[in-house]
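Novice: Residue numbers (the working numbering), protein chains in the order written: chain C, 1 to 268; chain B, 269 to 528.
Rather than coming from a laboratory, the hints here were simulated on the basis of the structure.
In this text, a Cβ means the ideal position worked out from N, Cα and C, and glycines have one as well.
Among these hints, one or two may not hold up.
[As the list claims (entries may be wrong)] Pair by pair, the computed Cβ-Cβ distance ranges are:
(1) L12(C) with S356(B): 51 to 61 Å
(2) T244(C) with E398(B): 43 to 53 Å
(3) L54(C) with S356(B): 25 to 35 Å
(4) A492(B) with R237(C): 39 to 49 Å
(5) G465(B) with L54(C): 34 to 44 Å
(6) M28(C) with G446(B): 12 to 22 Å
(7) G467(B) with S21(C): 48 to 58 Å
(8) A407(B) with G235(C): 49 to 59 Å
(9) S408(B) with A236(C): 47 to 57 Å
(10) F62(C) with A407(B): 48 to 58 Å
(11) L23(C) with G518(B): 38 to 48 Å
(12) G467(B) with R16(C): 55 to 65 Å
[Stated by the list, open to error] Here are a few chain B residues that sit away from chain C, every Cβ distance over 12 Å (derived from the structure):
(13) N383
(14) G420
(15) G426
(16) E461
(17) N509
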Amino acid sequence: MASAQAAVPAVLKPLRTIGRSTLGALRMVGSVGVFAVRGVAGVFSPPWFPMQLLRQLLAIGFFSLPVVGLTAVFTGAALGLNIYTGGGRFNAEQVMPQIVALGITRELGPVLAALMLAGRVSAAIAAEIGAMRATEQIDAMRTLSTDPFRYLVAPRLLAATLVLPLLTLIADIIGVAGGWLVAVRILDFNSTIYIRNTMNFIEVWDVGSGLIKAAVFGFIVALMGCYHGYHAKGGARGVGRATTHAVVSSAILIFASDYFLTTLFTNA
Amino acid sequence: MTDPIKPEWAKLEWRGVRKRFDGAPVLDGLDLSVAAGRSLVIIGGSGQGKSVTIKVAMGLLNLDAGQVLIDGRSLTAMNGRARRELFSRIGVLFQGAALFDSLSVWENVAFRLINADGVPRKAAKERAIEALGRVRLAASVADSYPSELSGGMQKRVGLARAVVANPEIIFFDEPTTGLDPITASAINELIVEQVRGLGCTAVSITHDLASARAIGDEIAMLHAGKIIWRGTPAELDRTDNPYVRQFVDGRADGPMASLV
Numbered sequence: 001m002a003s004a005q006a007a008v009p010a011v012l013k014p015l016r017t018i019g020r021s022t023l024g025a026l027r028m029v030g031s032v033g034v035f036a037v038r039g040v041a042g043v044f045s046p047p048w049f050p051m052q053l054l055r056q057l058l059a060i061g062f063f064s065l066p067v068v069g070l071t072a073v074f075t076g077a078a079l080g081l082n083i084y085t086g087g088g089r090f091n092a093e094q095v096m097p098q099i100v101a102l103g104i105t106r107e108l109g110p111v112l113a114a115l116m117l118a119g120r121v122s123a124a125i126a127a128e129i130g131a132m133r134a135t136e137q138i139d140a141m142r143t144l145s146t147d148p149f150r151y152l153v154a155p156r157l158l159a160a161t162l163v164l165p166l167l168t169l170i171a172d173i174i175g176v177a178g179g180w181l182v183a184v185r186i187l188d189f190n191s192t193i194y195i196r197n198t199m200n201f202i203e204v205w206d207v208g209s210g211l212i213k214a215a216v217f218g219f220i221v222a223l224m225g226c227y228h229g230y231h232a233k234g235g236a237r238g239v240g241r242a243t244t245h246a247v248v249s250s251a252i253l254i255f256a257s258d259y260f261l262t263t264l265f266t267n268a
Numbered sequence: 269m270t271d272p273i274k275p276e277w278a279k280l281e282w283r284g285v286r287k288r289f290d291g292a293p294v295l296d297g298l299d300l301s302v303a304a305g306r307s308l309v310i311i312g313g314s315g316q317g318k319s320v321t322i323k324v325a326m327g328l329l330n331l332d333a334g335q336v337l338i339d340g341r342s343l344t345a346m347n348g349r350a351r352r353e354l355f356s357r358i359g360v361l362f363q364g365a366a367l368f369d370s371l372s373v374w375e376n377v378a379f380r381l382i383n384a385d386g387v388p389r390k391a392a393k394e395r396a397i398e399a400l401g402r403v404r405l406a407a408s409v410a411d412s413y414p415s416e417l418s419g420g421m422q423k424r425v426g427l428a429r430a431v432v433a434n435p436e437i438i439f440f441d442e443p444t445t446g447l448d449p450i451t452a453s454a455i456n457e458l459i460v461e462q463v464r465g466l467g468c469t470a471v472s473i474t475h476d477l478a479s480a481r482a483i484g485d486e487i488a489m490l491h492a493g494k495i496i497w498r499g500t501p502a503e504l505d506r507t508d509n510p511y512v513r514q515f516v517d518g519r520a521d522g523p524m525a526s527l528v
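In isolation and in its complexed conformation, chain C is listed as follows (with noise of 0.2 Å):
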């Protein structure tokens, strides 16, 4: 095996690095989806734990409210501003009620709730699941005849991907409220047109279609976290890598699926 190494010419050895980089990254979505298939079927199949599905509810939603909803109302406000500015180039300010209707509902809502949860819930959730890893906890857990697909990693799965559409909604509201609030207290719009503009606007798929999104997102968040914790290495060192890979995954995965899912919205 050394040998033939040591035989690789010296100009293929970037071919034999890109060679390894691509069968590693190729291992790595195996590994995720053979993961990501025994959560959902753990979702799917008894026994189920009701009790660590409420657990992680509250954990990944209502604990969550508070960051989400402050993101929302700043990023709607702002939102609002840079539209005012950019609508007035050409003489179009009065379509920032419509545009940041559609903005936060169909695109920013779901993606910055799903970023905060990636920060908040990827990163406590891969480090709560690495750190039983670490001081094995998880192989009592199997010692224990529970499987930990079911007993962790299922009800968070399944958590994530019910609570992100609801905190999404909470977003989507409180985002335009946002840029209303910036309309009518600094831009002197009236507060009743503003309302009516985007009542008439916006449509049930624009938010439904950020529904979707979030629900995908929070099922990616989740995977994301649980995968990573399940699969740390080496002790504390380990469950900080273990974190760290779990949120820039989560928020990559996001943008990327954000991306796809929007282009079979638009042609849908």
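Following the hints, put chain B in place on chain C, whose structure we already have.
Specialist: Coordinates of chain B only, in the frame set by chain C:
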């Protein structure tokens, strides 16, 4: 004639077990068996494969080759349901106790009863408190969390969790590591008491020779992935096996490379 390495009524048996990590052999054709109702302690230096030996028997690690047999049935041939059924007959005390820090003491002890056996929480709590009593812990600790307990108390909780479902086989992974001699002695006494009380088969791994002598009916020494010596605690002090002598005497010079 009875082979001392292979009792006739083996409850648990490792047969030609091989396990490698990153190409390096850790278990290299391990043959070992434990008779029903006996307590076997495996000793050996760091990195010699003691933890791997019990983890393959608990089904936590897959084998590269060989077999682990429990009651004559191969672990590798078992499907998921059979393995779950098997785990219901096994208790484990992990090195760091491995208590679930998000659950209270009684929920830890009753974890299997509630989540795998479907015992109602109230009845499970009663059984957990009864098991805590068996390891000399007061009912008042039942609602505490593991982080509020000392290392010795955590080990007792771990022991209560291991015995609460009356297992047929118990594994003890370094049961006295990190404990002061008095607490270690108390844990050893509890282990002997529980194993004899339940009439179960026990397999322990340890560096602590005092613990090995206290809890083992037999002691086996693992070196380079194989059992190189086996005997009773009394024979441990009399053997002239150079590896065992070096280990027992705690000398750096000898046939074994430095364990540091």
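Novice: Okay, G467(B) versus S21(C) on CB: inside 48 to 58 Å?
Specialist: holds (56 Å)
Novice: If I claimed the Cβ atoms of A407(B) and G235(C) lie 49 to 59 Å apart, would that claim hold in this structure?
Specialist: violated (35 Å)
Novice: Okay, L23(C) versus G518(B) on CB: inside 38 to 48 Å?
Specialist: holds (47 Å)
Novice: 43 to 53 Å was suggested as the range; check whether the CB atoms of T244(C) and E398(B) agree with it.
Specialist: Between T244(C) and E398(B), where Cβ atoms are some 45 Å apart, the hint holds.
Novice: For N383(B), is the shortest beta carbon distance to chain C beyond 12 Å?
Specialist: violated (5 Å)
Novice: Could you check the hint for me, namely that A492(B) and R237(C) are 39 to 49 Å apart, CB to CB?
Specialist: violated (29 Å)
Novice: The hint says 47 to 57 Å between S408(B) and A236(C); measuring C-beta to C-beta, is that right?
Specialist: At roughly 33 Å between Cβ atoms, A236(C) and S408(B) fall outside 47 to 57 Å, so the hint is violated.
Novice: How does the Cβ-Cβ distance of L12(C) and S356(B) compare with 51 to 61 Å: does it lie in that range?
Specialist: holds (55 Å)
Novice: M28(C) and G446(B), beta-carbon distance inside 12 to 22 Å?
Specialist: violated (36 Å)
Novice: Would you assess whether N509(B), listed as outside the interface, keeps its beta-carbon beyond 12 Å of every beta-carbon in chain C?
Specialist: About 32 Å separates N509(B) from the closest Cβ of chain C, which puts it past 12 Å; holds.
Novice: Is the gap between the beta carbons of F62(C) and A407(B) within 48 to 58 Å?
Specialist: Violated, since F62(C) and A407(B) (Cβ atoms, about 33 Å apart) do not stay within the stated range.
Novice: Return holds or violated for the Cβ distance of G465(B) and L54(C) against the range 34 to 44 Å.
Specialist: holds (38 Å)
In summary, the numbered hints that this structure violates are 4, 6, 8, 9, 10, 13, 15.
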